[in-house]
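**Student:** Listed below, chain by chain, are the residues.
Protein chains: 4
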Amino acid sequence: MSIRTDLAVEAKEVYEKENSRKIQGVEVSNSNKGKIKITNVKVVTEEGAKAMGKPKGTYITIDMPRLIHYDIDAMDDVSEVLGEELSKLVNLEDSMTALVVGLGNWNITPDALGPKVVSKIMITRHLKELVPDSIDERIRPVCALAPGVLGITGMETSEIIKGVVDKIKPNLIICIDALASRKMERVNSTIQIGTTGISPGSGVGNRRMEISERTLGIPVIAVGVPTVVDAATMANDTIDMVIDQMINSAKQGGDFYNMLKTMDKNDKQSMIKEILDPYVGNLMVTPKEVDMVIDSISKIIANGINISLQPALGREDIDRFLQ
Amino acid sequence: MSIRTDLAVEAKEVYEKENSRKIQGVEVSNSNKGKIKITNVKVVTEEGAKAMGKPKGTYITIDMPRLIHYDIDAMDDVSEVLGEELSKLVNLEDSMTALVVGLGNWNITPDALGPKVVSKIMITRHLKELVPDSIDERIRPVCALAPGVLGITGMETSEIIKGVVDKIKPNLIICIDALASRKMERVNSTIQIGTTGISPGSGVGNRRMEISERTLGIPVIAVGVPTVVDAATMANDTIDMVIDQMINSAKQGGDFYNMLKTMDKNDKQSMIKEILDPYVGNLMVTPKEVDMVIDSISKIIANGINISLQPALGREDIDRFLQ
Amino acid sequence: MSIRTDLAVEAKEVYEKENSRKIQGVEVSNSNKGKIKITNVKVVTEEGAKAMGKPKGTYITIDMPRLIHYDIDAMDDVSEVLGEELSKLVNLEDSMTALVVGLGNWNITPDALGPKVVSKIMITRHLKELVPDSIDERIRPVCALAPGVLGITGMETSEIIKGVVDKIKPNLIICIDALASRKMERVNSTIQIGTTGISPGSGVGNRRMEISERTLGIPVIAVGVPTVVDAATMANDTIDMVIDQMINSAKQGGDFYNMLKTMDKNDKQSMIKEILDPYVGNLMVTPKEVDMVIDSISKIIANGINISLQPALGREDIDRFLQ
Amino acid sequence: MSIRTDLAVEAKEVYEKENSRKIQGVEVSNSNKGKIKITNVKVVTEEGAKAMGKPKGTYITIDMPRLIHYDIDAMDDVSEVLGEELSKLVNLEDSMTALVVGLGNWNITPDALGPKVVSKIMITRHLKELVPDSIDERIRPVCALAPGVLGITGMETSEIIKGVVDKIKPNLIICIDALASRKMERVNSTIQIGTTGISPGSGVGNRRMEISERTLGIPVIAVGVPTVVDAATMANDTIDMVIDQMINSAKQGGDFYNMLKTMDKNDKQSMIKEILDPYVGNLMVTPKEVDMVIDSISKIIANGINISLQPALGREDIDRFLQ
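Residue numbers (the numbering used here), protein chains in the order written: chain A, 15 to 337; chain B, 15 to 337; chain C, 15 to 337; chain D, 15 to 337.
Chain A with its partners taken away, still in its complex shape (with noise of 0.2 Å):
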């Protein structure tokens, strides 16, 4: 029962939280775009990464503004930051392929951002091979696959790609996901891009073995937004935090300081167990309109790496091309 988070962020967070210091070996600088606030994290150490449990690379955070799927203007805006920040990672030239990869199960909502974002992304491979005449030299080539999960393909999804790459030969991989985060105030309103693929176990669905550079080659891109928290997650950290305002107002030093000072993992465990069961690890806490709010995200992440992945367009072009 290891509290897990897909965050760079979080896992940031965490540590310093349980540990009372500072991380070493990781960089963090923040900057904002009007009303959203970039966080750049960077992983320059194995004590860094250790301490992360998150590869060495550099994880970036869009922290979209509240509301935001219920305002046009404002969701165009977090694509064109999201676009931006792509953009410094896409080293690409011109006439060079990106495959991008939805991961993911589209029969469970929240964890359909993957596939639909791909549903979404300008596809020009195939143009750019078969009738290169008709369509404006500048363009690069796109590809894109919603292979679906372990349990649907009876395939690992990391077989499938590397099974693609090996036939495609694409110069980069930009992969999407939906991702578990530890509170519900990130959920539907972050989105990290990181440089160190998918790592295994990641996800709501938990899918393994891992996607990155070093098994396929090619720089991966990975961009994630948290659709859920684990309801397992929630009950822990519902805990946690009873035991913490017990603990304050207890008399230190006293038993029962002591008592909850000493509660220990199995006693949390059981009490999990009991509020979830028999439930125990399938659950997701959700809100209620997550339909509506995955498919607006997977606009705003599919117009980014559209952006990012067109640079010779404008936003009209890229729409109608689409349309």
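Calculated from the structure, these hints are not laboratory results. Please read all numbers here as calculations on a predicted model, not as lab measurements. Keep in mind that the hints are not guaranteed to be accurate.
Put simply, identical chains are the same to the list, so a pair is met inside one copy or across any two.
Once the Cα atoms are required to be at most 30 Å apart in a straight line, the calculated DSS-like pairs of lysine-lysine come out as [to be verified]:
#1 K102 with K64
#2 K197 with K56
#3 K56 with K102
#4 K36 with K102
Here the structure of chain A is known, so what remains is to put chains B, C and D in place on it, guided by the hints.
**Tutor:** Chains B, C and D in isolation, oriented as in the chain A frame:
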């Protein structure tokens, strides 16, 4: 933040726990059919109704065995039991018309149970009226409607139903609705049948205004299944459980014991708010495979209703008709 | 096998071709807004109504330019024109209520236009009633319903609408329906607005009983778009075209010329039956990308209706409200 | 405008009609199982292959009885027959892996057959690899993929399959595809099994490049069902039928007879263009209830494939596994 439950069996449990005594004016009996447990809760006095927070009447609960959704035969058994229990409440001559109403919002998966059931009901009223010779005379006229919810239509569901009832003049209404339960163990595993209609404020989406014999002038049978636990309820129950465990461990009469005993609603509310922010009141806890499970339950419920409304037909006839 | 069309402009064409003379009692005028052509057909006498097979009244046809569904700006232009034309027919004070009705079967893609439009209408009636202070007083109360079709509900759509209208008492109804046209060139490219309600037997799915001011007591504006050509119509027209071409080639007065001229309905029907067997009467001709196109048209229509019903709001306000 | 058919039985009919003689190098045999007709077309010589426009190999056609989609038992019978016919072609040891590929575009209902079948296949490969002890050893490892179409992915489907096959190394591929037939009577009522793979240019959506043993190095069994007639084909056949009827009526050797006999392709093409404009090449003829029928066929096909791939299991085991 009063903790509400749509289930009579839970209302009784909550009352008896909070008041540490047995509820008055409520009669409970149990029976079993194979692995299926049937609980009959009769609220017989006004005192009982007040204690329960539910009108006088009969509430039948059918507890499905675990893993039901992975076993077609077991699903059929539940449909049969549901059909039998409903049949006892459907007091209609063969020629009388039933209207089946699917409440809920088809855009929110766990609230879509009602509309999904309606799509699997055997619809016959138009055939009886338009081509009576083409259809077995023992077939009951049945019609159905999934009116949507207030935010989708701009009309109270009860207004739409009242309008349609006044025009169509059915003799009975069966309403299907997705409920919220207090406990995860009841989610997607309990069917409640009630004779008192649908009360205000019920369900996942807070639909309002009563749909009942009192307002419509004809009997209303409500069939509900809890498909979510409200996240605020889960947080509240988690906090309660932690506190209860502390109380058990604390020395009776000691300072800490007294502090715990006097912990008030405001403390709890502020903790819940911190956990769920910014989504308080708008979060639900569901199993990951909610789409598949709602599909499966809607088949079970629709089959049970079809069995009860068409006593002259066998299962094969109903299946053939529906295809 | 009488060849039916839902479009007034086609009914006029058919009459004039079959009778080789101009129709009487029908006034036609044309205008253009950019690339959009607007045709106004007024059936002014009973003689005209009989010849047209349509009640006396006004039928406005908006012809969209080709490739509209690939161009967001062009789609907006059509919505504006539709909004203007509808505004001329919507004679309501600000506080009066409009009910938007989406006819058709959501399970048959080309018949799902009405329900899809309804899902994009700005719904305000409940806000005006429940939280009047929270909403701009110039906003008109609008409610909406997609009642389904006879085979799904067991009730005539007109019965459901009549029941709801009697209860809700709106001041105006706007009905949206998918139509069948005679000619492929009009499919998904023509919007017809009519003031005479929806006539029996119209549309893709043969819905019956009139929805009109005569039956409901309030004005009914019908908005329709042809989304299919009936396959039997296409086969019939193909046969006619071949025969016409033969007649042109044959020597006038010769045996063959006479044979062609006397070819009767039975011959044609048996040929159509042979081509379409075993599906006669149940086949439709649609473009392959029908799902995408119906989506696009439903946006155009919903925007036009929103513009006409909320004259106090700009497009941005409406977009923001709908998100 | 060469009239193409995906069905071997139709290719033979067309050849024999156009050439007024029996085809050479093709062996045909028939049998029946209850109301189900099985036709076995063997193309045995190169001459036969050229005449048919299909590679040498075996093409089995299963004709379903009418109204099959309204009768669960009859559907099961077809699945059994399909399972038997496939079993004869699946020459694998128990431990060998099969890959099921669902071709086609899930956004175009009649082209979505392949992806829908894949979603109902019993997927076991990952269980055999990850938790071999939890699963009956007689269960064959099966994996599946619905890769999408060129316009969605930017990659030739055959490229994706080739990449995955090289990586996963299955021993057999079963491909499912929606076909176009010449005749409405075969739409949704014929299943064709072929051993020569999927040829270029087949299907509703014109997918290209061969998927076959020749290109992939392992046996490829293709299962196809015609789900549409191309509207241009229907128009063409209608014209032919009218002309044939004229020819039969015209005096042999007369002017008109000669004119009809010499009517050329250009005349026909211009008539087809006039009928279908502006949609030539992009229109399909389908039954109205296409969504329901594709669902029903996908169950029949998936069951047949499951039966053939898991000979050690009974139908109940397969159903239980799939739920």
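**Student:** Now, for every hint given, state plainly whether the structure supports it.
**Tutor:** Verification of the supplied hints:
1. K102 with K64: Within one copy, since 26 Å is at most 30 Å while 56 Å is not.
2. K197 with K56: within (22 Å within a copy, 42 Å between copies)
3. K56 with K102: within (15 Å within a copy, 59 Å between copies)
4. K36 with K102: Within one copy only: 28 Å inside, 67 Å across.
Checked against the numbered hints above, the structure breaks none of them.
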